[in-house]
Amino acid sequence: MRHFLSTQDWSQEELQHVLDRARALKAGASSSALAGKSVALVFFNPSLRTRSSFDIGIVQLGGHAVVLDARAGTWPMEMVEGAVMDGEAEEHVIEAAKVLSRYVDMIAIRCFPNFQDWTSEREDPLIMAFAKHASVPVVNMETIVHPCQELALMMALQEKLGRVENKTFLLTWVPHPRPLNTAVANSAVLIASKFGMNLRMLIPDDVYRLDDRYMSAAEDNCAAHGTRFEVMTDVEAAYSGVDAVYAKSWGALPFYGNWDAEAPYRAKGAGFMIDDAKMALTNNAVVSHCLPMRRNVKIADSVVDSPAFLGIEEAENRLHVQKAMLEALARDMDPAS
Amino acid sequence: MRHFLSTQDWSQEELQHVLDRARALKAGASSSALAGKSVALVFFNPSLRTRSSFDIGIVQLGGHAVVLDARAGTWPMEMVEGAVMDGEAEEHVIEAAKVLSRYVDMIAIRCFPNFQDWTSEREDPLIMAFAKHASVPVVNMETIVHPCQELALMMALQEKLGRVENKTFLLTWVPHPRPLNTAVANSAVLIASKFGMNLRMLIPDDVYRLDDRYMSAAEDNCAAHGTRFEVMTDVEAAYSGVDAVYAKSWGALPFYGNWDAEAPYRAKGAGFMIDDAKMALTNNAVVSHCLPMRRNVKIADSVVDSPAFLGIEEAENRLHVQKAMLEALARDMDPAS
Amino acid sequence: MRHFLSTQDWSQEELQHVLDRARALKAGASSSALAGKSVALVFFNPSLRTRSSFDIGIVQLGGHAVVLDARAGTWPMEMVEGAVMDGEAEEHVIEAAKVLSRYVDMIAIRCFPNFQDWTSEREDPLIMAFAKHASVPVVNMETIVHPCQELALMMALQEKLGRVENKTFLLTWVPHPRPLNTAVANSAVLIASKFGMNLRMLIPDDVYRLDDRYMSAAEDNCAAHGTRFEVMTDVEAAYSGVDAVYAKSWGALPFYGNWDAEAPYRAKGAGFMIDDAKMALTNNAVVSHCLPMRRNVKIADSVVDSPAFLGIEEAENRLHVQKAMLEALARDMDPAS
Numbered sequence: 000m001r002h003f004l005s006t007q008d009w010s011q012e013e014l015q016h017v018l019d020r021a022r023a024l025k026a027g028a029s030s031s032a033l034a035g036k037s038v039a040l041v042f043f044n045p046s047l048r049t050r051s052s053f054d055i056g057i058v059q060l061g062g063h064a065v066v067l068d069a070r071a072g073t074w075p076m077e078m079v080e081g082a083v084m085d086g087e088a089e090e091h092v093i094e095a096a097k098v099l100s101r102y103v104d105m106i107a108i109r110c111f112p113n114f115q116d117w118t119s120e121r122e123d124p125l126i127m128a129f130a131k132h133a134s135v136p137v138v139n140m141e142t143i144v145h146p147c148q149e150l151a152l153m154m155a156l157q158e159k160l161g162r163v164e165n166k167t168f169l170l171t172w173v174p175h176p177r178p179l180n181t182a183v184a185n186s187a188v189l190i191a192s193k194f195g196m197n198l199r200m201l202i203p204d205d206v207y208r209l210d211d212r213y214m215s216a217a218e219d220n221c222a223a224h225g226t227r228f229e230v231m232t233d234v235e236a237a238y239s240g241v242d243a244v245y246a247k248s249w250g251a252l253p254f255y256g257n258w259d260a261e262a263p264y265r266a267k268g269a270g271f272m273i274d275d276a277k278m279a280l281t282n283n284a285v286v287s288h289c290l291p292m293r294r295n296v297k298i299a300d301s302v303v304d305s306p307a308f309l310g311i312e313e314a315e316n317r318l319h320v321q322k323a324m325l326e327a328l329a330r331d332m333d334p335a336s
Numbered sequence: 000m001r002h003f004l005s006t007q008d009w010s011q012e013e014l015q016h017v018l019d020r021a022r023a024l025k026a027g028a029s030s031s032a033l034a035g036k037s038v039a040l041v042f043f044n045p046s047l048r049t050r051s052s053f054d055i056g057i058v059q060l061g062g063h064a065v066v067l068d069a070r071a072g073t074w075p076m077e078m079v080e081g082a083v084m085d086g087e088a089e090e091h092v093i094e095a096a097k098v099l100s101r102y103v104d105m106i107a108i109r110c111f112p113n114f115q116d117w118t119s120e121r122e123d124p125l126i127m128a129f130a131k132h133a134s135v136p137v138v139n140m141e142t143i144v145h146p147c148q149e150l151a152l153m154m155a156l157q158e159k160l161g162r163v164e165n166k167t168f169l170l171t172w173v174p175h176p177r178p179l180n181t182a183v184a185n186s187a188v189l190i191a192s193k194f195g196m197n198l199r200m201l202i203p204d205d206v207y208r209l210d211d212r213y214m215s216a217a218e219d220n221c222a223a224h225g226t227r228f229e230v231m232t233d234v235e236a237a238y239s240g241v242d243a244v245y246a247k248s249w250g251a252l253p254f255y256g257n258w259d260a261e262a263p264y265r266a267k268g269a270g271f272m273i274d275d276a277k278m279a280l281t282n283n284a285v286v287s288h289c290l291p292m293r294r295n296v297k298i299a300d301s302v303v304d305s306p307a308f309l310g311i312e313e314a315e316n317r318l319h320v321q322k323a324m325l326e327a328l329a330r331d332m333d334p335a336s
Numbered sequence: 000m001r002h003f004l005s006t007q008d009w010s011q012e013e014l015q016h017v018l019d020r021a022r023a024l025k026a027g028a029s030s031s032a033l034a035g036k037s038v039a040l041v042f043f044n045p046s047l048r049t050r051s052s053f054d055i056g057i058v059q060l061g062g063h064a065v066v067l068d069a070r071a072g073t074w075p076m077e078m079v080e081g082a083v084m085d086g087e088a089e090e091h092v093i094e095a096a097k098v099l100s101r102y103v104d105m106i107a108i109r110c111f112p113n114f115q116d117w118t119s120e121r122e123d124p125l126i127m128a129f130a131k132h133a134s135v136p137v138v139n140m141e142t143i144v145h146p147c148q149e150l151a152l153m154m155a156l157q158e159k160l161g162r163v164e165n166k167t168f169l170l171t172w173v174p175h176p177r178p179l180n181t182a183v184a185n186s187a188v189l190i191a192s193k194f195g196m197n198l199r200m201l202i203p204d205d206v207y208r209l210d211d212r213y214m215s216a217a218e219d220n221c222a223a224h225g226t227r228f229e230v231m232t233d234v235e236a237a238y239s240g241v242d243a244v245y246a247k248s249w250g251a252l253p254f255y256g257n258w259d260a261e262a263p264y265r266a267k268g269a270g271f272m273i274d275d276a277k278m279a280l281t282n283n284a285v286v287s288h289c290l291p292m293r294r295n296v297k298i299a300d301s302v303v304d305s306p307a308f309l310g311i312e313e314a315e316n317r318l319h320v321q322k323a324m325l326e327a328l329a330r331d332m333d334p335a336s
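These protein sequences, in sequence, are chains Y, F and U. Under numbering that gives the first Met the number 0, the first residue of the first sequence carries the number 0, and numbering increases by one thereafter. Under numbering that gives the first Met the number 0, the first residue of the second sequence carries the number 0, and numbering increases by one thereafter. Under numbering that gives the first Met the number 0, the first residue of the third sequence carries the number 0, and numbering increases by one thereafter.
No lab work stands behind these hints: they were computed from the structure. Incorrect hints may have been included.
[What the hints assert, rightly or not] Calculated pairs, BS3-like style, for lysine-lysine (alpha carbon to alpha carbon, straight line, at most 30 angstroms): (1) Y:LYS36 with U:LYS159; (2) F:LYS36 with Y:LYS25; (3) Y:LYS36 with U:LYS36; (4) Y:LYS131 with U:LYS25; (5) F:LYS131 with F:LYS36; (6) Y:LYS25 with F:LYS131; (7) Y:LYS159 with F:LYS36; (8) F:LYS131 with Y:LYS159; (9) U:LYS131 with F:LYS25; (10) F:LYS36 with Y:LYS36; (11) U:LYS36 with F:LYS36; (12) Y:LYS97 with U:LYS25; (13) U:LYS97 with F:LYS159; (14) U:LYS25 with Y:LYS36; (15) Y:LYS25 with F:LYS97; (16) Y:LYS131 with U:LYS159.
[As the list claims (entries may be wrong)] Every beta carbon over 10 angstroms from chain U, so not counted as near; a handful from chain Y, in silico: (17) GLU229; (18) ALA307; (19) ALA327.
Beta carbons are placed, not taken as given, at the ideal position from N, Cα and C, and that holds for glycine.
Please model the entire structure based on the sequences and the hints provided.
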């Protein structure tokens, strides 16, 4: 039995196998991998696209999805073992994970950090506790990484670019009125480096470097492939000659829980919106963004509405890669089938 | 491919075909028109009856419904093309419609006006934008009209009255503590006039006239059938000799966004509750109301609990007419089937 | 047609038949008792475990569950017949029950008391009104009793103890920061006494006696079986020689709606957490609690993590007993099948 918590826990070959199966499913292959099975979709943060694509994908595989709205505040859950539970939490994750494991065949979880204390939140404690105590596979629907989005992005890149190895991937910070979760940024550097792309990260200031866990993992991935990992603050240099541009906005970790002080650094990226002039510097690059996406703030309409934009395809691919991954997890549970 | 946004976009003959099929489904006919298909039910306003009847109907047609709770405030969506999205909206309806179209085979939407600015809200901008950008049929689950309720009402009238042509339909404003959406009132005048009924509207004051779009459409429908359309403020005259009474409360459009000033006009309708004395003036009329319904405020218990009341039948018919309409839309998508 | 509102409406033999079928379902028996049928799950209070186990169980029986979130406040419903509905309630339970009965084949309801006025709330008015006006079976998903939890508990006891008749069952009040619903406590005394167990209730003070309806029913059940019903405040005496310990915290009824004054009585139970020392006084008893459960407040970790703890098994059994009960209700609706 395996979980799908991060792409780093899976080899490139294993992930490529999932992507190949996703292409077959997109082309019309059918599967009854979840026939007679149920999957709990537990949302500690709301979702429309993730909820839809998981629910529909599970039904298409013959299974049944149970959507549980467990918003922070409505289902406070204790994660510390041995705790005296005299505070807000009515339930320990031990019981939640054990009981859900009796009802369903897989548990998928969305749980964002609270933007309060990165020291503890960087450990992704809730999904890790579920994975420890559940007796069924646990799937990450976005915590501090977003591995399903990674697979959907890589599928879209391969559809458009063919082999991605040694092509250059630019993750660019883009403007947004508020500091956001770093999950998709962490995920972008993981998946691009894992699949042998040269990796560039364009940020307004060094305070926007991602957590060391992800910077180091990307470095290790690049070292294994013999590719380059460059962090840049110069826009023109960063866009020069790249094959793929990926946009994401996030909050600077040193200001976690103290966001007002981040404002002057955020202002340095005011000109970072992706537009035609920047795209002209690239090697005729494709461009994408996970959705939702603020038009004319993160990416100009002229770029979004051009053939270079892969965002709709990437969003559709969520359905296909998730089906392929659930199928792979179901196969590992019951290797004889 | 067609949408179902308003009954005015469909001919009487087309709608009658849907109603005939609904009667067959109510009598026990089965259908697998949505086998293998998914439908997104997107609720910008909450619902229990619409949500239940759509969900169950879709399952009975062999399909799968995904219910998305997109309440105003939780999923603020940009509708203006070219907008610089630096406000509240995180997503443009363009992307929302395109991506949902990749996941599902139809999109049904409930989105009430905000009661702030009728000049813009009368254009029904959200569902119109979805219909423009979606590549699958869009179905109206109540916006500023409620076409599914119209079909359910007409089905109940035909079940009880047989042919409705040239019979007289009275839409009466009834009391309610608060100003409500005009959607069902707009819809009542559309469907009664479209099916050749003489139309009367009883209101406490001319300020309760409906938007010109619906008054004109009803006039056009009546002209095409050679029937009468009368707006009255005299209760006795209005009930006299009618064959069907339909109750609805709504807010007066001139006071939109400024409801306190409407109170004196609302007070003029204090005696408009449907009761036995008023019903005695009719031609042994049937009476109905969409649900929910405040007993002894809008309609007296003695009328609700009499055989003349069609409200439960009308509510049940929602299930059947929606199934028949979804079946018709599915057939149009795939004419060979 | 029968409802499942309380175990007291069913004979021990009928309930044992349901439990026997639940064991067969747990062992892998399949059933299509709800094929082509829909069940409305109406939640006036939120739920994750009940919602999951009902939804999954209904799907496993071939049916379809519609989950309706009808939280108090979002769907205020009138329950008084003849009421002039000029207050908050937009809908009368008469219409709600009649219309849902047209859409679905069964209606399951969760509706806790409001902790305001026990004199009216002890009549369980909402579910009773639904049962009166619905034309399909109504199932209790927890109101002021929790009969599905009762069956799950009894199933777990029988799995572990074999025949439970004449064994001794201790319901012990345990600490909790807030006064809780008495539903599970009421239910525990009903089901243990109904199945012929000697019943002990351990409470910090006589103010924690349960409502007379349940105390009397338990006395009647014990009289019918010739068993004992003892209410105790002495911890050592209460645990001495018992075969099963069941933990629950609840608020004292005399302080209903006036909870601050309950605090000194609650303090008397400060030492009532179940721990190893107390369990050592028993006849090697099993111990359980419905979930959620505060560890180290209600029951010490060392007891929860010991083989004596049946809570996870009891929670799993919810799925099986609910399936068996829905199957029984479906059979009563259509005896020929």
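Tested hints:
1. Y:LYS36 with U:LYS159: Since the Cα atoms of LYS36 of chain Y and LYS159 of chain U sit roughly 28 angstroms apart, the hinted pair holds (cutoff 30 angstroms).
2. F:LYS36 with Y:LYS25: 15 angstroms, holds
3. Y:LYS36 with U:LYS36: 19 angstroms, holds
4. Y:LYS131 with U:LYS25: 25 angstroms, holds
5. F:LYS131 with F:LYS36: Answer holds: LYS131 of chain F to LYS36 of chain F is near 21 angstroms, not above 30 angstroms.
6. Y:LYS25 with F:LYS131: 25 angstroms, holds
7. Y:LYS159 with F:LYS36: Measuring from Cα to Cα gives roughly 28 angstroms; hence the hint holds.
8. F:LYS131 with Y:LYS159: 27 angstroms, holds
9. U:LYS131 with F:LYS25: Holds, because 25 angstroms separates the two Cα atoms, which is no more than 30 angstroms.
10. F:LYS36 with Y:LYS36: 19 angstroms, holds
11. U:LYS36 with F:LYS36: 19 angstroms, holds
12. Y:LYS97 with U:LYS25: 17 angstroms, holds
13. U:LYS97 with F:LYS159: Satisfied, since the Cα-Cα distance of roughly 19 angstroms is no more than 30 angstroms.
14. U:LYS25 with Y:LYS36: 15 angstroms, holds
15. Y:LYS25 with F:LYS97: 17 angstroms, holds
16. Y:LYS131 with U:LYS159: 27 angstroms, holds
17. GLU229: 46 angstroms, holds
18. ALA307: Answer for ALA307 of chain Y: holds, closest chain U Cβ roughly 42 angstroms.
19. ALA327: Label holds. Min Cβ-Cβ 23 angstroms, cutoff 10 angstroms.
The earlier numbered hints are all upheld by this structure, with none contradicted.
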